Structures are given as structure tokens and as C-alpha cells.
Amino acid sequence: MTTAVPTQLGEADTLGGGGRKLAVRCRNVVKNYGTGTSVVRALRGIDLDVYEGELLMLVGPSGCGKTTLISVIAGVLDRDQGECTVFGQDFSAMNSRQRTRFRGQTIGFVFQSFNLIPTLTIAENVSVPLLLNGVNRHAALKKAKEMLDVVGLGQRVQDTPNRLSGGQQQRVAIARALVHDPRLIVCDEPTSALDHETGHKIVELLKGVAMSGNRSLVVVTHDNRIFDFADRIAHMDDGQVDKIVGSAKELYGPNMQSAQSGGGHS
Amino acid sequence: MYFLALKMLFNDKAKFFGIVMGVTLASLVITQQGSIFVGLMARTFGVITDMNYPDIWVMDRKVQFIDDTKPLTDTKLFEVRGVPGVASAVPLYKGMIRARMDNGLFQNCNLYGLDDSTLIGGPGEMIEGNLADLRMADSVIVDVEGATDKLARAGKKPGDPKIPLKIGDTLELNDHRAVVVGISRGSRTFQSQPNIFTTYSRAVTFAPKERKLLSFVLVKAEPGENLETLRARITERTGLAAYTADQFKLLTVNYFLKYTGIPINFGIAVSLGFIIGTLITGFMFYSFTIDNLKYLGTLKAMGTSDTTLMMMILLQALSVGCIGFGIGAGAATVFGISMGGTQLAFWITWQILVLSGGAVVIICMLAAMLSVRKVVALEPAVVFKG
Ligand SMILES: Nc1ncnc2c1ncn2[C@@H]1O[C@H](COP(=O)(O)OP(=O)(O)OP(=O)(O)O)[C@@H](O)[C@H]1O
Ligand SMILES: [Mg+2]
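Sequence order for the protein chains is A and B.
So for the first sequence, my numbering puts the first residue at 1; every next one is plus one.
So for the second sequence, my numbering puts the first residue at 267; every next one is plus one.
In short, the hints are calculated from the structure, not lab data.
Remember, it's a predicted structure, so these values are computed and weren't measured experimentally.
In this text, a Cβ means the ideal position worked out from N, Cα and C, and glycines have one as well.
One thing to keep in mind: the hints can contain errors.
[To be verified] Simulated crosslink set (DMTMM-like; lysine to aspartate or glutamate; CA at most 20 Å straight-line):
no., chain 1, residue 1, chain 2, residue 2
1, B, Lys273, A, Asp159
2, B, Lys651, A, Asp78
3, B, Lys651, A, Asp238
[Said to hold, decoys possible] So these bits of chain B aren't anywhere near chain A, every CB distance computed over 12 Å:
no., residue
4, Met267
5, Lys273
6, Asn374
7, Ala398
8, Thr414
9, Pro430
10, Gly452
11, Pro489
12, Tyr561
13, Asp572
14, Val627
[To be verified] Anything over 10 Å on all C-beta distances counts as not near chain B; from chain A, calculated:
no., residue
15, Arg103
16, Gly154
17, His222
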């Protein structure tokens, strides 16, 4: 499933090297935190394309800038230099109102710690992106319940998040990320708060439910057991993308088994 | 989203009750202290309230408030009667007199002398006896507070309850014999002395001998007469000050506001309520926001605008404001009603409700502003931080 996908960076604006449409296009993206002597150079010239309809995993050692990069891609963090477009749109060319709106319509978020509002029912949590897009409360709740059905929680719609297990909460979060049918989903370590088996199921669900149409997924992860779900894997080190590969084997060579057990990349 | 904002608040029970308590406390203290203040202030002009007869009160120009009598010569009464537009004018004596008690002690009393023929200016309400009985020799009417307390006779043995004055009892007022012919009740005044009513001519014989004894002239205007022009005319013709009842009340209240520590004391209580309420509410509301910052950040990342977040916070603040104000002002009212029969001065007016409501709005705005600043400054990128 990964062989046909190009691993080289495309040159065209919206078309990748293989003629596929681009969801995200980053060129020489630089992001520094702080100033002066205490400056942290989190991104040092990132070049990265994400194609429509692919699941791209972003991997690399801790502190290499993965979270910073998806924050820039998702438009919640301003870059310092370079270009970055999402479906041809540049966040830095928008005012804050347009940016907020574009995020609300185009991007779904899945977080490591779920970030479900504990005082609301899971159905209400899932309805939020719809409400933000102007759907009325009744219709939003109805749609949210349908989405919860899809992730297997149709019987729990009236529960609050803290009555669910971690895996169930992440399912809710996935329902929330998908409910308004965004074209890009960004996930930061969606499985790292879960045990391996549950994490595996979550990615399975993500891949199964989210990868419909030509929706794109960017998944930041340390968890090399889920690498097999990726269409491509971008490896980062020290603020740069140093390798883009089609499978985990290419990343670690034939000795992948030992790389996994050594946990060298987490 | 606004519905969810309210649910977020209401479902956070501990915080919700804390915030509501802060607002309740503030509005309770402000409403209650404010009402007691107004109640006390209204007592300053209780005498004016009880005398609903006069359209205009005429007095010496230097009089600053109702108890500040500057006697006039009796001829002034006739001068006032001569002013065109005056339908009738009657004299009122108001002064202090000493009553000698059985045990030889003296008690200061307010003595009112009412026009002999009309008995205008009588007490608010008769509990026993008739006002007209004042026409009997040596007769006086005593108010019920005085009759049951300061002027009551001592019990038979020490420690026995006092025996209230009753009709037929006698008093010794400034060495003159007086017979109680009635018990009255009037609005409470600022003074704790008993009030004694008698006729004008008898009052001036009771009173310590002075050249001038006429305290006020009470004027009834001709029907259709404009009170403002009549007032001006009386002043012009007689050189005396003339006020409508409302103006005289205001003059009296202003005097007390200006020359007593009462407003300051209540001001302190009210400000304290405001400050404590603001602190509790502000602190609890802010910590509610801080607790929710992660979720507010999540909402922000998912596409909630700053404006929407601001409105959500404002709505949360105002809704606890309304609930807290309802409970606080309601409790103050219940308190006032339950204290109805006691000595407590309590008068809740719409102005007080507006004042404490306004204070609550300010408290909520302050609390919300703190939180809004925090939320607006929030980088949505924080949501990815564990
Ligand atoms: N708000 C910030 N202020 C200052 N430095 C920051 C900030 N956020 C991240 N950094 C630094 O930027 C670098 C990249 O951080 P980032 O969170 O993107 O790494 P990461 O690859 O997501 O790491 P991890 O795998 O631990 O989540 C790190 O050195 C980090 O310490
Ligand atoms: Mg990270």
C-alpha cells in the first residue's frame, strides 16, 4: 500500500511529484522559541508535503520539533520564516478571524490527553465543531450521536468523559475530530496515553474511519508498533525532516525488530 | 456554544456554588445595609411623614432639620395666614420637656403642641383613646414606645416587669400635672425619647418659659394653587423659610448625611460587601477559568473565535451574577420582612436594588475581565502540550 506513494518532495504548488494533490506544502519553515541567547531553534527549515488521502506519520526523537511542526501546519502557531500552505491557503495571509474559521472548517484535532471537556457529555463534546460551524444545537447533537455510533460508543452518549476508559475517551476525541468532515486531521501522540493494544485499536479506527474520501492525516507518534498504518513516514531530527520513507522497514533497515525493542526513537 | 458554556459552569458544582456565594454575599450585604441605611434616614423625617396635613411647612430660615427648631413669634402665624393662596395655617409646637418619673428620675421627651381647634399634626395612629380627648383638661397622648418603656412605671418589686402607662395615669411634665388620655403610634424617629402630644396652648404652658414658642406653621394651600409659587410668596411676605413636605424631608436627610457619621459607617459596610464579594467571585471565577484553560485552548484551536470565548465567559459571569443577586437580594428582603415588628430600620427601595444590582454587574465584569484577558492571551498551540 505504500509502494506507489512518492517519497520525494514535490515541486508543484498543489500537485506532488506523483501527480497527486497536495494537502499541506511546507518549504523552508523556520520556527524559533524565545530570543537572544536563550533562543530554541525548533524548526530549522522544514520541507514537507502531505498528499490528499494519505496518512503521514511524523516521527523522531523527543524535542526534535514534531509538535511544533504540526502546530504550524494546523495554524495554531505562527512560523517565523518559509512557506506553508494547507489546501493552497496560507494561514499567515489570513487575519485571526479568517484563520480561526478556516481551522474550524478544515482541520480536525486529536490530542495526546484527549482534551474532552469533563463537564459536558460526550455527545456535547463531539457536537462542538459542528456548533462552531453554525449547525444548530439539535442537529449538531444528532450528528454527534451518529458519529459516536461509528466509533462504537453509541450507547454512551449521555456519559461524561471521566466515566470512560482512556481508549474510549480517545474514540470520542476521534469522533469529535471527524464530525464536521474536515479535510485534514492532525494527531499529536494519539496513542501515547494508552496501552499498546488499545493504541493499536485506536490507530486502526483512525485509519478505518478517518481515511475516507481524500482526507489527509498527519499523526505525530513515538510508537513504532503503529508505523505499519502509515502511508509514508517522515523522520525528523533536530528541527529538520531528514528522511521520508514508505514504510518502517525503510526507516530502520532490516533490523527493525531490534530497533523496536530498543525503543531508540522514543 | 453558549448553552455549553453555561453547562460547563453549572456542572462544575463546587466552583459554581463558590462563585454564586460570592455574588450572593455581596448583594446581600449591599442590599441589607443599604436598606437599613435608607430606613434610618427615613426615620430622621418620621415626624414629617406622619403629618400628612400640611402642603407647606413654614419655619425660621436657619432651621436645618426637623428637630432643629428655631422658635418664631406667635404673630408670624397671622402673617402666614394673610398670604394669598394660603387656605389655612395652624401652629405647631415642637420642643423638649422633662417628665419626672415615680422614682424621682427625669426623662427627656419630645413635646408636640397641636392647633387647639383642629388638632392638626396629631400622631400617626391612635391605639387607645381619641385625639379629641386632648380637649379635656391637662390631657396628653403618649406614644406606645414611650408608654411601654421609658415612661413606664417600675414594677412592684425590683426585677418585676415595667408597668406600661395607661389611660388615666398621670405624668409630671416640667412641674405641670398631665393626664394620659390616649396611646398613639407613629413612624419611628431618629430619637429614642418618648413623644408626647397635647394642644398648642397647653404645650406652651408646659414648656419652659420663653419669649418665642411657635416652632412651625403648617399651611394648607388653596385648591389649584401652585406650591412652588406659594412657597416663594410666603417667603417673600414673611421672611420665613417655606418647604413642601418632600423638600423638608430632603433638607432633614441632607443634614444627617452631612453632619453625622452614618453615611460613612454604612458606606464602609457596603464597600466591604462589595470588596469581599468581588474578591471571592473574582478569585473563584478566575480559578474556574484557569481550571478550564486547557479546554478553552482546545476550543480555540478547534476554531472558536476570541469573541465567542469572550461572550461565553461574559455569559457565565452574568448568569452567576443574576442567580447570586436573586438569592442575595431575596434573602435581604426576607430578612427585612422578618424584622418587620422590631426596632430595626429597614426600607428596601428600588434604588437600593439598582445599586446592588449594579454592584453585582461590576463584580461580574471584573471577574470576567480577569478571565477574558487570560483566555485572549492564550496561545492555541498550548493544546498540544501534554
Ligand atoms: N513554548 C516553547 N517555548 C520554548 N521552547 C519550546 C516551546 N515549545 C517547544 N519548545 C522547544 O522546542 C523544541 C521542539 O519542541 P517540540 O515540542 O516541537 O518537540 P517534539 O518533537 O514534539 O518533542 P516530544 O516528542 O517530546 O513531544 C524542544 O527543544 C522544546 O524544548
Ligand atoms: Mg511533542
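Requested in this report: Against the structure, test the hints numbered earlier, and report the numbers of the ones violated in rising order.
Outcome: Hints 4, 5, 12, 13 and 15 not satisfied by this model.
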